[in-house]
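Can you build the whole structure from these sequences, using the hints too?
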Amino acid sequence: AQTVTQSQPEMSVQEAETVTLSCTYDTSESDYYLFWYKQPPSRQMILVIRQEAYKQQNATENRFSVNFQKAAKSFSLKISDSQLGDAAMYFCAYRGGYGGATNKLIFGTGTLLAVQP
Amino acid sequence: DARVTQTPRHKVTEMGQEVTMRCQPILGHNTVFWYRQTMMQGLELLAYFRNRAPLDDSGMPKDRFSAEMPDATLATLKIQPSEPRDSAVYFCASGLTEYNEQFFGPGTRLTVL
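One line per chain: the protein sequences are A and B, in this order.
Per my numbering, the first sequence starts with residue 498, numbered consecutively.
Per my numbering, the second sequence starts with residue 11, numbered consecutively.
In case anyone wonders, no lab produced these hints; they're calculated from the structure.
As the structure is a computational prediction, the values presented were derived from the model and not from experiment.
Worth double-checking, as some hints may not be accurate.
Sample of chain B residues at the chain A side, in silico, Cβ under 7 Å [as the list claims (entries may be wrong)]:
#1 Gly52
#2 Leu53
#3 Leu55
#4 Phe75
#5 Ala77
#6 Glu78
#7 Pro116
Just a sample of chain A residues kept apart from chain B, beta carbon distances all over 10 Å, derived [what the hints assert, rightly or not]:
#8 Val510
#9 Gln511
#10 Asp523
#11 Glu526
#12 Ser527
#13 Gln548
#14 Asn559
#15 Asn564
#16 Gln566
#17 Ala568
#18 Leu581
#19 Asp583
#20 Asn600
Backbone N, C-alpha and C define an ideal beta-carbon position, used for all residues, glycine too.
Below, the structure written as structure tokens:
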């Protein structure tokens, strides 16, 4: 079965600094997708970034980028120039690819990010 | 601005009562997912539908939970009878297909006393 592990329950970063959130996963599938979701206090789940496993290039969305290491099954999120609005719970998630056994999102336990002014 | 809507946003009820949560997926999305979020278990899938047909409800306690899609614009999750351990936030998400991005609703916070 697929699993997603986030080993950092809490992280803190100074405003304007850079922070990296860690995520590792386990799967036997060759085709899959990885995601980072942000959940602010409003509880709304917001997709931050996604990565297709078949793509070697790391995904980037403005200040958010990932370091995808397929062989190591690692998928970390880097937030550059941190802003107060980045404070939230961040979830790493896995989903199987087309034709795969897993169409549901499998979530990690989350990392609570605090941004200090 | 297309979005997934959920009602109610908050629900407080007493143990033994029936609870019905509703979700309106984004128009045109053929896949609907129900997730539950608790402190202990985190986010976990309860059930999902494709074209209104249930495909996977293995995460749902069958004795008290039921999920349906009466039509393409409405998904329901029902708990009967409710128990205090059902207290959680219940999210509905929809996707164009199950292989596309899932868009989450705002969630229903359920408290069972």
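Here is what the structure says about each hint:
no., hint, verdict
1, Gly52, "holds (5 Å)"
2, Leu53, "holds (4 Å)"
3, Leu55, "holds (4 Å)"
4, Phe75, "violated (16 Å)"
5, Ala77, "violated (14 Å)"
6, Glu78, "violated (18 Å)"
7, Pro116, "holds (6 Å)"
8, Val510, "holds (23 Å)"
9, Gln511, "holds (28 Å)"
10, Asp523, "holds (16 Å)"
11, Glu526, "holds (13 Å)"
12, Ser527, "holds (15 Å)"
13, Gln548, "holds (12 Å)"
14, Asn559, "holds (17 Å)"
15, Asn564, "holds (21 Å)"
16, Gln566, "holds (23 Å)"
17, Ala568, "holds (24 Å)"
18, Leu581, "holds (22 Å)"
19, Asp583, "holds (19 Å)"
20, Asn600, "violated (4 Å)"
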